[in-house]
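From first to last, the protein sequence lines are chains V and E. Using my numbering, the first residue of the first sequence is number 15, and each one after it goes up by one. Using my numbering, the first residue of the second sequence is number 15, and each one after it goes up by one.
Please keep in mind that the hints were generated in silico from the structure rather than gathered at the bench. Careful: at least some of the hints might be erroneous.
Repeated chains share a single entry, so a pair holds when one copy, or any two copies, can fit it.
Stated by the list, open to error - When the alpha-carbon atoms are kept at most 16 Å apart in a straight line, the in silico EDC-like pairs for lysine to aspartate or glutamate are as follows:
(1) Lys379 - Asp196
(2) Lys89 - Glu352
(3) Lys318 - Asp353
(4) Lys379 - Asp353
(5) Lys438 - Asp133
(6) Lys182 - Asp417
(7) Lys124 - Asp317
(8) Lys318 - Asp341
(9) Lys107 - Glu55
(10) Lys182 - Glu295
(11) Lys215 - Glu319
(12) Lys420 - Glu310
(13) Lys382 - Glu407
(14) Lys344 - Glu52
(15) Lys46 - Glu310
(16) Lys379 - Glu95
(17) Lys173 - Glu407
(18) Lys211 - Asp225
(19) Lys232 - Asp209
(20) Lys82 - Asp311
There are 2 protein chains.
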Amino acid sequence: MASHFMRKNNIKFYFNADRIYRRYSVIASVIKEANVGEVTEVKGWVKNLRVQKELVFADISDGSCAKKLQIVIPKHLKTDELTYGSSVRVIGKLSKSPRGQLELAAEDVKVLGECVVLDGYPFNPRTTHSAEYIRQYLHLRCRTNYISALLRIRNAVSKHIHNYFDTKNYLHIHTPILTSNDCEGAGEVFKVLPDNKDTIKAMMQQDKNVDNVYFGSKTFLTVSGQLHLEAMCRGLGNVYTLGPTFRAENSRSRLHLSEFYMLEAELAFCENLEDLQSSIEDLLKYIFIETRNTNEDDLYLIDKEKNKPPTWLDKKFITITYTEAKDILKRKGLPDTEDGINKEQELALVAHCDNVPVFIVRWPKEQKSFYMKESQDNTKVEALDLLAPITGEIVGGSLREDDYKKLKLKLPSEALNWYLELRKFGNIPTGGYGLGLERLLQVLCSVPNIKDTLPFPRWPHNCDM
Amino acid sequence: MASHFMRKNNIKFYFNADRIYRRYSVIASVIKEANVGEVTEVKGWVKNLRVQKELVFADISDGSCAKKLQIVIPKHLKTDELTYGSSVRVIGKLSKSPRGQLELAAEDVKVLGECVVLDGYPFNPRTTHSAEYIRQYLHLRCRTNYISALLRIRNAVSKHIHNYFDTKNYLHIHTPILTSNDCEGAGEVFKVLPDNKDTIKAMMQQDKNVDNVYFGSKTFLTVSGQLHLEAMCRGLGNVYTLGPTFRAENSRSRLHLSEFYMLEAELAFCENLEDLQSSIEDLLKYIFIETRNTNEDDLYLIDKEKNKPPTWLDKKFITITYTEAKDILKRKGLPDTEDGINKEQELALVAHCDNVPVFIVRWPKEQKSFYMKESQDNTKVEALDLLAPITGEIVGGSLREDDYKKLKLKLPSEALNWYLELRKFGNIPTGGYGLGLERLLQVLCSVPNIKDTLPFPRWPHNCDM
């Protein structure tokens, strides 16, 4: 690090010596470096314990990787407190087992925190608990293989997303969580106000509605950062955001959350859907392949059977128009719906395409939002949904209406005059899309329930902790 | 990209050909690569226009970097629409000006979007508008030098933070925005409920309070992800979060926002304040030095005078106890305050330390939160504040109480029993800190008002867009 610091500014840098990180080694590094013969200190939790005649074998994890480090403990160092679930500090010499596996021959073992399973610890050794059971213990579930692996993959996917956009010269924009826009048509919203009645009283002016007192207007949790990104795109070029988004819907399905993460990107000077599609396809393949490179062990930990790359990774995504999609569904004999394509139909279309992700493009304009650019025939908009196996819709996007007069006619509220004004001064064509991070993780890791793809899921009647 | 994709998985990858990115070149790349003689297409906004006898000189920016690209336009290609603020597409050959500056000799110029300043565009050519003036036009202000430079630096600082923690094996955790914890003692909170009365009606059970209907308990916007991080730290090891945080305070100072970004880190197996301090100092110096490396031009654009590295960058941060700090303030003759250290006193302490950041450590326990670890003498806690020039307090942190019995006595609410239970099963010592991203940007870029360090500031009576 120090040499890196010195690189350019020629600053005499006070070197911190990285005290805290030298004290002990993270197991991910110990396994990677495999310095056989070296005295090493590790700290972590006992995941498995096998007591034999003269030796005790303990598998230790510190959460830094999917793999455990095997510790070989002479019987006289085994205390009663050294149990499944306890936290320990171990000092010893790294060696290779007769089978060639890296292990640590313990010379000193200290239990830092006991774990008495009979005292109410919900997890048991050598037991695979169901995801539903584990989900009851949100505060402890990151100690399980399943959830820890998913959270490491979530961390990696976020990193890959940032790296991807950084390489392509996109700026990461923190779009706001609080917004006074209430008319984006993306479903139901949460409103926000101070909890303290005294604050409201002190700020009250002329019998204003209590909802408006703090910010001067009714304020909501964001349903999308798109409109804000469009403002940024018209000064900074390509931009994206990756952050929390909210829906106040009464839905408890395996695909819905009240709070979820959304990746949204806005492409400057984007003039046709094909460019938007190729950009989305490129990103998704990048994430899938990079994550397989960085987190192979975690994918294996989640599912020993399913951790193969998806069959579509070497294929071009399919594109069909909305009209063609409806025809296919009719031919398949699925019950017709007047408007749109429902979840069952989405999954049928993906199956029809041999489980290759499929773009449905050019939607009837009355089904889509006001900001989408009209197609040449005036009945459609330049919009796309990308459907994938497991979740169905995973990305939604469009070109944006860049004609000032057309947009003015469709603007749902005067409160959005700022958005209209973006088209008045030095306007550019743009297009963009939104991708649900949790649904992406469901597809990537074959996770049936979206609630297991993030640390603290929130859905109706559930906001524990 | 393609070769990178092939690296490991041996997948026959469908190559997207990166259509959209080849169409035109981002100005940051054009300037970096400086391929004199190459035919190049750029798109951007006219920032400056000088009309001479036979040639027109236009400075073009596309937001990708602080620098503008000079375009040399033969007079016959200059149309009336080619004005300050308009968006353009230019094709031409890259060359060097007589002074050695890279420029583009235009062969084709197309105005994409007009900009009639007299029609209400708030910015004028060759004019430096004040930050207060610019702040009135949130939707357009990213087109100014000041704000675009600050947003590029914000992007870079976020990136450096993620890179720093990734290198050190920390996992990035998305702690929740919605929480039912209301007792962390970090000030005033916003409450959240569905806006739609029909949703509330449909979900209502037995005359419940309307605030509790959707989630089953009253729900707030997070004031800190710390308690959630502590749960994660006890399964995943070192963790951090970088995300939005909220305060419902009626404060309109140049240092406060209702919505701001906080970096919070929790260090596994951290047993003393000194380790925590050296970790914070290391991170801050890394961010400052890396940002000077990546965004020198932006720092210059913000302030031609002040873009020098801070004098403290090659010095060790200072540490004094709370008791010593109070003695220093008394000797300086500053009016005494009973509890704590106020903003004026913070800045006086930093000045006393020759403007080197200073840790104030070991605070009276009654001034700090319940979760902080008691010092040996039982009257203090192992807490720290880091004070910096310009903003005063910039980091707050502590060791966490890891004694189950002591914590049980101090727990403010039964709703936090989950937090107590973390100490019961395989507990470990931890410590952590929180750093306000906007205040960090204020210190880094000498920005007087916090509202200019993020794209869409929210404060009392202000939640536009």
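So, going through the hints one by one against the coordinates:
1. In this homomeric assembly, Lys379 and Asp196 never come within 16 Å of each other (Cα to Cα): the closest approach is 21 Å inside a single copy and 44 Å across copies.
2. Taking the closest pair of Cα atoms, Lys89 and Glu352 never come within 16 Å of each other, the shortest separation being 72 Å inside a single copy and 57 Å across copies.
3. For the identical chains of this complex, Lys318 and Asp353 are neighbours neither inside a copy (40 Å) nor across copies (58 Å), given an alpha-carbon limit of 16 Å.
4. Within a single copy, Lys379 and Asp353 get their C-alpha atoms as close as 11 Å, which meets the 16 Å cut-off; across copies the closest is 62 Å, which misses it.
5. When the C-alpha separation of Lys438 and Asp133 is checked against a cutoff of 16 Å, the pair qualifies only between copies, where the shortest distance is 9 Å, while the shortest distance within a copy is 67 Å.
6. For the identical chains of this complex, Lys182 and Asp417 are neighbours neither inside a copy (28 Å) nor across copies (49 Å), given an alpha-carbon limit of 16 Å.
7. Taking the closest pair of Cα atoms, Lys124 and Asp317 never come within 16 Å of each other, the shortest separation being 33 Å inside a single copy and 55 Å across copies.
8. For the homomeric pair Lys318 and Asp341, neither the shortest alpha-carbon distance inside one copy (39 Å) nor that between copies (63 Å) is at most 16 Å.
9. In the homo-oligomer, the alpha carbons of Lys107 and Glu55 lie at most 16 Å apart inside one protomer (9 Å), although the nearest pairing across protomers, at 61 Å, exceeds that limit.
10. With identical chains, the CA atoms of Lys182 and Glu295 are at most 16 Å apart within one copy only, with a shortest distance of 15 Å there and 32 Å across copies.
11. In this homomeric assembly, Lys215 and Glu319 never come within 16 Å of each other (Cα to Cα): the closest approach is 60 Å inside a single copy and 45 Å across copies.
12. With identical chains, the CA atoms of Lys420 and Glu310 are never at most 16 Å apart, being 49 Å at best within one copy and 42 Å at best between copies.
13. Taking CA atoms no more than 16 Å apart as the test, Lys382 paired with Glu407 passes inside one copy only; the shortest distance there is 15 Å, against 48 Å between copies.
14. For the identical chains of this complex, Lys344 and Glu52 are neighbours neither inside a copy (68 Å) nor across copies (53 Å), given an alpha-carbon limit of 16 Å.
15. When the C-alpha separation of Lys46 and Glu310 is checked against a cutoff of 16 Å, the pair qualifies only within one copy, where the shortest distance is 14 Å, while the shortest distance between copies is 36 Å.
16. For a Cα distance limit of 16 Å, the shortest separation of Lys379 from Glu95 qualifies neither inside one copy, at 66 Å, nor across copies, at 32 Å.
17. In this assembly of identical chains, the alpha carbons of Lys173 and Glu407 never lie at most 16 Å apart, being 23 Å within a copy and 30 Å across copies at closest.
18. In the homo-oligomer, the alpha carbons of Lys211 and Asp225 lie at most 16 Å apart both inside one protomer (12 Å) and across protomers (14 Å), since each shortest distance falls under that limit.
19. Taking CA atoms no more than 16 Å apart as the test, Lys232 paired with Asp209 passes in both settings, with 15 Å inside one copy and 10 Å between copies.
20. For the homomeric pair Lys82 and Asp311, the shortest alpha-carbon distance inside one copy (11 Å) is at most 16 Å, but the shortest distance between copies (46 Å) is not.
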